[in-house]
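Enquirer: Residue strings, one per chain:
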Amino acid sequence: MEAVITVFLTILGIYFSLGLLFGLYFIFLGATKVDPFMTDSKKKVRLLLFPGVVATWPFLVGKLIKPKTLN
Amino acid sequence: MGLDYTLVLWNKHKKTYDKIIGFGMLLYLLVFIILTLVLNPETTAETMIIRAFGSLAVLMLHIILIIGPLSRLNPQFLPILYNRRHLGVSMFLAALVHGVFSIIQFHTLGNVNPIYAVFTSNMDYGSLTNFPFQVLGFLALLILFFMASTSHDFFLKNLSPKIWKGLHMMVYLAYALIIMHVFLGAFQQETSPFTIGIMVIGFMLITSLHLISALKESKIDGLKSEKADDGWLKVCGADEIPNDRAKIFTVGKERVAIFKYDGKLSAIHNVCKHQGGPLGEGKIVDGCITCPWHGYQYLPQNGQSPPPFTEKVVTYGLRLDEGMIYINPDGFEEGTEVEPVKC
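Each protein sequence line maps, in turn, to chains Z and V. Counting with our numbering, you get residues 66 to 136 for the letters of the first sequence. Counting with our numbering, you get residues 65 to 407 for the letters of the second sequence.
The following block holds chain V by itself, in its conformation from the complex (with noise of 0.2 Å):
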């Protein structure tokens, strides 16, 4: 949280992270040249270019997208997906070299404008085995352009975080497009089962990742709440809640994370304004319920960001009966204050 924008929001985690990304990518690109200069002396320079900066994007973005499942399976992972960013633009960046060299090479000889003659130097849409898969690679690259040029806080609240969110989301139409841009393409040209393999393992690898995090989100919007003679929802026992932290629960359709905190319980919207990160995974910070993704605060008693931000989100009335925590389900205007209960 800030109040004006800087280049980059680097802190001493951030750098260590950022200078792990380089010399990763130095490494595999190196790795990468040294193979081919070994298994295939005759490549060329432009060739050995174009394949080591597609391979390295491909990889970069199965590690973007299995980061996310990972992260909600297991909250060890939370420190990278904070800094996914950079790594996202990173990514960007070595699909830009692949498809800039791509075009330099096999479409900038004649005197059609090289762009038109991405789609046009091969006109055989209607086929499946010639497909001009050229296409699909250059819409990718301009989708995760987009993505990566808006990975700044000053497009998410500008854009609003749903517009944002969205745009962001078409990582995975860039992934689908990028998945046929190698099938048709690459393997047009080279059918090795070893290219063919990895691909097949690195689809599956995110398919079940996000299948198995989904059925566990599934898991919390399934518990089953018992409903009062006053409309109030019987929760949970205080005693199940460790403090500091909360517990998620599914009222209406709603999210809603109760927690814990200096002996009293408090309850608000589980979905953080800032990139609607899961505020119930978080914990109290200062005082304040800090998101797990991006350190959003609220104030646990009535869900506003501590002065002078100005994000809110809605909180609910809880009582306390024999131990056990009930809730309100009509949640209140976001931001309005509500008494804690004692516990």
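Next up, chain Z with everything else stripped away, as it sits in the complex (with noise of 0.2 Å):
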């Protein structure tokens, strides 16, 4: 049981380690890339949307990578 503890607790871990990187390069470079609607939006805008973007960082990379399509 303590190594199923171990294992998970260490891929939260890197999960969040990454999430905060990701977070960082959000609030100063990437927001506007990952939704052009931020480019007017306040610096406390970004910083009210850390924790989530920490959150949910893969689903924001994969928007950030994938092609642009046109509507």
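Please note: incorrect hints may appear among the correct ones.
List of simulated lysine-lysine pairs, DSS-like, C-alpha gap at most 27 Å [stated by the list, open to error]: (1) Z:Lys108 / V:Lys83; (2) V:Lys406 / V:Lys376; (3) V:Lys347 / V:Lys229; (4) V:Lys76 / Z:Lys107; (5) Z:Lys128 / V:Lys83; (6) V:Lys229 / Z:Lys128; (7) V:Lys229 / Z:Lys98; (8) V:Lys226 / V:Lys317; (9) Z:Lys128 / Z:Lys108; (10) V:Lys78 / V:Lys229; (11) Z:Lys109 / V:Lys229; (12) V:Lys376 / V:Lys298; (13) V:Lys291 / Z:Lys108; (14) Z:Lys98 / V:Lys376; (15) Z:Lys128 / V:Lys79; (16) V:Lys311 / V:Lys283; (17) V:Lys226 / V:Lys283; (18) Z:Lys98 / V:Lys221; (19) V:Lys406 / V:Lys291; (20) V:Lys337 / Z:Lys98; (21) Z:Lys109 / V:Lys221; (22) V:Lys221 / Z:Lys107; (23) V:Lys298 / V:Lys311; (24) V:Lys221 / V:Lys280; (25) V:Lys221 / V:Lys79; (26) Z:Lys109 / V:Lys76; (27) V:Lys78 / Z:Lys107; (28) V:Lys311 / V:Lys337; (29) Z:Lys109 / V:Lys79; (30) V:Lys226 / Z:Lys131; (31) Z:Lys107 / V:Lys79; (32) V:Lys283 / Z:Lys98; (33) Z:Lys108 / Z:Lys98; (34) Z:Lys109 / V:Lys78; (35) Z:Lys131 / V:Lys83; (36) V:Lys83 / Z:Lys109; (37) V:Lys317 / V:Lys229.
Derived from the structure by calculation, the hints contain no laboratory data.
Build the complex: two chains, separate frames, hints provided.
Expert: Here it is in structure tokens:
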């Protein structure tokens, strides 16, 4: 059981560490690349979104690297 | 609807609502602390904080979970539904205080990582009576974090409504974990029939309201439509639909809302592109179908959000024959212009 717990918490730790790195990139550079509507949004909004970006970074990375399609 | 993101979408009503939430939380904490001091004066400050915020979060979660079915049963509850987001974030903050104080008090005294200690300080996972209930609370708090941190339109748009909705439906898993956390944990130490009774009543209330609202929904799906020779479905008389409102029908496997406005009839798919709100329970405002949940709008004749917005829903062909409305069950592409039927 202890091994399962260690693996689970290690994965959780890695997930959130990568999320923190992506969150920092999002705040300073990536926000407008992920969503053009962020262009006119204030810095406070990016800070508010930071925890959610840390939590959901795989989806946002996917959106960032996905080729843009026209509507 | 907006073209950029703001910190919080506040208006006069939302501010009033938030004041009620803040005042209600403070009042609960105050009453809890006074009652604890009177009834159980030997309780330490840390324990009082842990219990006060934990029980507050459980109470708020129950309110959150009954708002949905209540507003489906009675539209008067809809304004609370529109503002549920702030209640959810406030509930998470209360649960976070409970979790952080619990970890500080019970898991920071040794030389083991406190999070690791939550999982390993009691390894009796095979026992029902001595199960490490803290783990269940931790997992529930993790789910609530995912939900609270993504409670913003940015995430709804960028995760896609489907993923966002799926993520937020995990509230039911969090609720199940919290129920077990409370029953296995608090009741291992405290077997107060009052506390057990409150939890049981809360669970029964949530379950029964969900069942009753599901029964109401199934009645809509159970409405039978008469099929004409050309495959169109006879749904109802034009006079059965009130002005600037809609009636909802199940066409094929999809729900369709038929709106009456300005002496005309139009039909669109019932599900809003924003958060899946029931468009047919909304009304016509400024010539647009307006979703009752968050005010997203669509033009009735083409199912398109007015420019510069880009949301589109499926539209349906209608015809009127001797006062009866017939609908073509094969919907058009999203956003297709359909000539409204005069009635």
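Enquirer: Hints first: check each against the structure and report whether it holds.
Expert: Hint check results:
1. Z:Lys108 / V:Lys83: The hint holds at about 25 Å.
2. V:Lys406 / V:Lys376: 23 Å, holds
3. V:Lys347 / V:Lys229: 24 Å, holds
4. V:Lys76 / Z:Lys107: 22 Å, holds
5. Z:Lys128 / V:Lys83: 37 Å, violated
6. V:Lys229 / Z:Lys128: Holds - the C-alpha atoms of lysine 128 (chain Z) and lysine 229 (chain V) are around 18 Å apart, at most 27 Å.
7. V:Lys229 / Z:Lys98: 24 Å, holds
8. V:Lys226 / V:Lys317: Holds. Lysine 226 (chain V) to lysine 317 (chain V) sits at ~19 Å (cutoff 27 Å).
9. Z:Lys128 / Z:Lys108: 21 Å, holds
10. V:Lys78 / V:Lys229: Holds, at about 22 Å.
11. Z:Lys109 / V:Lys229: Holds, at about 25 Å.
12. V:Lys376 / V:Lys298: 26 Å, holds
13. V:Lys291 / Z:Lys108: 57 Å, violated
14. Z:Lys98 / V:Lys376: 24 Å, holds
15. Z:Lys128 / V:Lys79: Violated. Lysine 128 (chain Z) to lysine 79 (chain V) sits at ~34 Å, over the 27 Å cutoff.
16. V:Lys311 / V:Lys283: 13 Å, holds
17. V:Lys226 / V:Lys283: 25 Å, holds
18. Z:Lys98 / V:Lys221: It holds: about 14 Å lies between the C-alpha atoms, which stays within 27 Å.
19. V:Lys406 / V:Lys291: 22 Å, holds
20. V:Lys337 / Z:Lys98: Status holds; Cα separation ~23 Å.
21. Z:Lys109 / V:Lys221: Holds, because 19 Å separates the two Cα atoms, which is no more than 27 Å.
22. V:Lys221 / Z:Lys107: 18 Å, holds
23. V:Lys298 / V:Lys311: 13 Å, holds
24. V:Lys221 / V:Lys280: Answer violated: lysine 221 (chain V) to lysine 280 (chain V) is near 30 Å, above 27 Å.
25. V:Lys221 / V:Lys79: Holds: lysine 221 (chain V) and lysine 79 (chain V) sit about 24 Å apart, inside 27 Å.
26. Z:Lys109 / V:Lys76: 21 Å, holds
27. V:Lys78 / Z:Lys107: 21 Å, holds
28. V:Lys311 / V:Lys337: Holds, because 19 Å separates the two Cα atoms, which is no more than 27 Å.
29. Z:Lys109 / V:Lys79: 19 Å, holds
30. V:Lys226 / Z:Lys131: 18 Å, holds
31. Z:Lys107 / V:Lys79: 21 Å, holds
32. V:Lys283 / Z:Lys98: 46 Å, violated
33. Z:Lys108 / Z:Lys98: 15 Å, holds
34. Z:Lys109 / V:Lys78: Holds. Lysine 109 (chain Z) to lysine 78 (chain V) sits at ~20 Å (cutoff 27 Å).
35. Z:Lys131 / V:Lys83: Violated. Lysine 131 (chain Z) to lysine 83 (chain V) sits at ~42 Å, over the 27 Å cutoff.
36. V:Lys83 / Z:Lys109: 22 Å, holds
37. V:Lys317 / V:Lys229: 21 Å, holds
In summary, the numbered hints that this structure violates are 5, 13, 15, 24, 32 and 35.
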